[in-house]
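S.K.: Place chain W on chain A using the hints.
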Amino acid sequence: MHFNWKIGGEAGFGIMTSGLVFSKIATRSGYHIFDYTEYPSLIRGGHNTYEVHVSDKLVVSPQWNIDLLVCLNKETYELHKYRLTKESMVMYDPDVFEISEIHDLIPMPFKTIQKEEKIQPNMLNTVAVAASVAVLGGDLDIYKAIIHQQFDRKGKEIVDFNIKLADLGHTHATKHHNVTSILTKQLEVTQQVVITGNESFSLASVNADCRYYAAYPMSPASSILSTLAVMQRTSKMVVRHPEDEISVVNSALGASFAGVRSAVGTSGGGFALMVEALSYSGVAEIPLVVFLAMRSGPATGMPTWTEQGDLLFAVNGGHGEFPKIVLTPGDPIEMFELTQKAFDLADIYQTPVIIASDKFLSESHTSVATSTLKKMATEHKIDRGKIVTTTKQKEYLRYKTEEDGISEMLIPGQRGIFYQANSYEHLEDSHTTEDGDERIKQVTKRAAKQQTYFKNHFKPPQVFGNPEAEIVLVSYGSNKGSILDAINLLDISVAYIHFTHVFPLDEEQILKVFKPFEGKRLILVENNSQGQFGQLLRMHTGINLEEKLLKFDGRPFWPEEIASYIGNKEDAGDKNDDVRIINEEVSPEEHHKQKKALMDKLVREMA
Amino acid sequence: MDNLGFDGYAPTWCPGCGDWGIRVGIKGALEQLKLDPSQVFISFDIGCSGNMNDFLNAYAMHGLHGRSIPSAIGMKVANHTMDTIVIGGDGGIYGEGGNHFLHACRGNHDMTVIVHDNMVYGLTTGQVAPTAKKGYKSKSTPNGIIEVPVNALALAISQGATFVAQGFAGDARGLTEILKGAIMHKGFSLVNILQPCVTFNKVNTYQYYLQKVYKLDEKHDATDMHAAMERSMDILEEKYPTGILYQTERTTYHEQIDQLAGPLVNRAPNTSIDAFLPHLV
Chain A
0 MHFNWKIGGE AGFGIMTSGL VFSKIATRSG YHIFDYTEYP SLIRGGHNTY
50 EVHVSDKLVV SPQWNIDLLV CLNKETYELH KYRLTKESMV MYDPDVFEIS
100 EIHDLIPMPF KTIQKEEKIQ PNMLNTVAVA ASVAVLGGDL DIYKAIIHQQ
150 FDRKGKEIVD FNIKLADLGH THATKHHNVT SILTKQLEVT QQVVITGNES
200 FSLASVNADC RYYAAYPMSP ASSILSTLAV MQRTSKMVVR HPEDEISVVN
250 SALGASFAGV RSAVGTSGGG FALMVEALSY SGVAEIPLVV FLAMRSGPAT
300 GMPTWTEQGD LLFAVNGGHG EFPKIVLTPG DPIEMFELTQ KAFDLADIYQ
350 TPVIIASDKF LSESHTSVAT STLKKMATEH KIDRGKIVTT TKQKEYLRYK
400 TEEDGISEML IPGQRGIFYQ ANSYEHLEDS HTTEDGDERI KQVTKRAAKQ
450 QTYFKNHFKP PQVFGNPEAE IVLVSYGSNK GSILDAINLL DISVAYIHFT
500 HVFPLDEEQI LKVFKPFEGK RLILVENNSQ GQFGQLLRMH TGINLEEKLL
550 KFDGRPFWPE EIASYIGNKE DAGDKNDDVR IINEEVSPEE HHKQKKALMD
600 KLVREMA
Chain W
0 MDNLGFDGYA PTWCPGCGDW GIRVGIKGAL EQLKLDPSQV FISFDIGCSG
50 NMNDFLNAYA MHGLHGRSIP SAIGMKVANH TMDTIVIGGD GGIYGEGGNH
100 FLHACRGNHD MTVIVHDNMV YGLTTGQVAP TAKKGYKSKS TPNGIIEVPV
150 NALALAISQG ATFVAQGFAG DARGLTEILK GAIMHKGFSL VNILQPCVTF
200 NKVNTYQYYL QKVYKLDEKH DATDMHAAME RSMDILEEKY PTGILYQTER
250 TTYHEQIDQL AGPLVNRAPN TSIDAFLPHL V
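Going down the list, the sequences are from chains A and W. Position 298 of the first sequence, counting from 1, maps to 297 under numbering that gives the first Met the number 0, and the rest follow consecutively. Position 242 of the second sequence, counting from 1, maps to 241 under numbering that gives the first Met the number 0, and the rest follow consecutively.
Extracted from the complex, chain A is given alone in its bound form (with noise of 0.2 Å):
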């Protein structure tokens, strides 16, 4: 069962809330779901939605079709109705705008309702999303006991007012429509969490002991702060929010320095502002993780939407040659994974590990068992490296030369030492200097800890799907779902390579994972539009991946897309060398009316 609920309506009439609600009220109910919301970069006004992709298997990205869309307001029909089939449900107000297309409707007076009850435009999402439980067979129950969660603070009489309302949708629903059982309640079921990239990065980060978290509000990044902050009671870390974003990164070096793991957030445009800072972390061996959440650039761009637009920035920031390692998780579980290991690393290392996320997976959820979450933070194992609080050495030397790059780091306090973390290049007892075989040394020595990461951390990519197949998807990150669901809709088996660990890249191990694909059809797929990763991957690996599937209209993939995209290039039967982009050269009505024919096509095929 794959079933899509999505909801719009004007920013301010709390789409968010509501489809978060939906999300919850899906995942208590025994189900799996993601999350996708868009959103202009306003607090009033504009056009927000939020879809929430449900089934009884695990799901990973989001659904083409609207199996039911909400229209809190005109505009929304309007904008989602190429999303629609005859089959769809719309539930709308009939005294508000009229639908002549053939859908499954389901009327809901929502301006009378809003006058009856005297309420604001943003309480009636509380109506709609009870109205949505009715139609699908779920369990009000369910959704009342959110709304205690919700209110219970605010006190008894705003919760029996909600209260009131979801009976009001429910019954109305009901009356007027016939009940499926989409939602009804599973017979077991799991207790899971509805996560985002950004608060499964929030939650690692108290489990690796990270103990200073500094950012400046930057979207899609600024829901860490806010959640650590929140967080900072019981987890005991400092967050801050100071003034630029060159305070937060070089304040975090100071507290990574005096000993503490530290780390901070930001998007594109505060990632600028931190390169000089990761640079200094490179020479003066200070470990900081950082975490990129891209969006739409350049300059300020499209704030709220998505890309991957920021991969060779995050590779090549900061001046001067110094090693770094970029991460790249593809959901919610990898993001755990990696930002645990990320403060590994980054101890073990002394370098800047970056966390490259983008909006796609930083503000959608994703439901996972709780237990699995658990059983993660259980089984971590904080690793240091060699980073001590007392010293043996007689002589203390912070950057002492040896084979594997990485000296002894020894955190300030013991009595009787001292030393610099120095941004001017040094001598192995950190005092300045400029003598060219001293320069040499350390130089070598810092560029010595990628054959040590290569050999001990580095992970090669991970082969989904059919190792026989000849089609191969090459991706990293968050299009990791969209691409796995992508194979699902196929008939013909496909293979995918995804990618965590982008930089640096081991060629030796790479290739190894590529050798069996020799010869067959190769896609790279990115949320740019220059194909930063495959410029990437062919500088270090030498592989050229010519035919690519762009797409940068501030959009994630959709399966759909890259399944259709597939699928047409085979059937035409043309393998030649490509790069389709998503969206170019066509106006948007003629956009969705192609997509909406591939989609119908494809739907048609699968049944």
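A few of these clues could be false.
Claimed, not checked - Pairwise CB distance ranges, derived in the manner of DEER restraints:
1. Thr-250/W to Asn-121/A: 53 to 61 Å
2. Thr-16/A to Thr-124/W: 56 to 64 Å
3. Pro-277/W to Asn-487/A: 27 to 35 Å
Please keep in mind that the hints were generated in silico from the structure rather than gathered at the bench. Note that the Cβ used here is the ideal one computed from N, Cα and C, for glycine as well.
M.R.: Just chain W now, with coordinates in the frame of chain A:
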């Protein structure tokens, strides 16, 4: 290691540079306070002043130009048992790092910021600094600087610093006394130190300062913010007060963070996520 003294390498500053006197003043203050290099955090800015990193021993960061205050804030948050000092120049602290400076005043972070104020950029060979007098001619301002000088003392007082003082590099003994007070003070301390740059500044010389500097007398009430502001305005007439202009008590930054009852770096790990999961279900 038995070299627990503060003396590092022999300084490489120009003969006659004010930095020599400032270093003597800082070292004297630290020694008289019975501190040793392993009990002190110093965050050195970039510049001739910051080059003291190799001449004055401590657990130190020698980071990026203008960013010494943020780094010091991080150090102090992580381990507030360490006395924390920032050493920088007028360019790093008031120019490139001006934003950090004013916000650190607001936060009353418990640290001492020592600014070498010679009105020029020495290490980059003599361009104008933000403290230079309007009209000062330099390599980067051949027609004279258009902007009026930053009034660091007034800025600090008005933005929430709780200890604001000025010293003169030609008076190392006086400096030591001011610096001891600043280091012992609980909260954000600014010590602006007037110094000649003997190589690049031919206007603000020792002679110049000896004429223009005056010591605050006993009649000055350092607890009176208005009086302090008034004295800080003397620089508009090229009269430079030395001594403690302003001192008040206010809870420091780290004292207002519950989780910093003990030093952050020493607490036991607290890595359970269980308490946060119910909110996500």
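S.K.: All the hints need checking, so say for each whether the structure fits it.
M.R.: These are the hints, each one checked on the structure:
Between Thr-250/W and Asn-121/A the beta carbon distance is about 40 Å. The supplied range of 53 to 61 Å is therefore violated. A hinted range of 56 to 64 Å for the beta carbons of Thr-16/A and Thr-124/W is consistent with their spacing of about 60 Å. The supplied range of 27 to 35 Å is met by Pro-277/W and Asn-487/A, whose beta-carbon atoms lie about 32 Å from each other.
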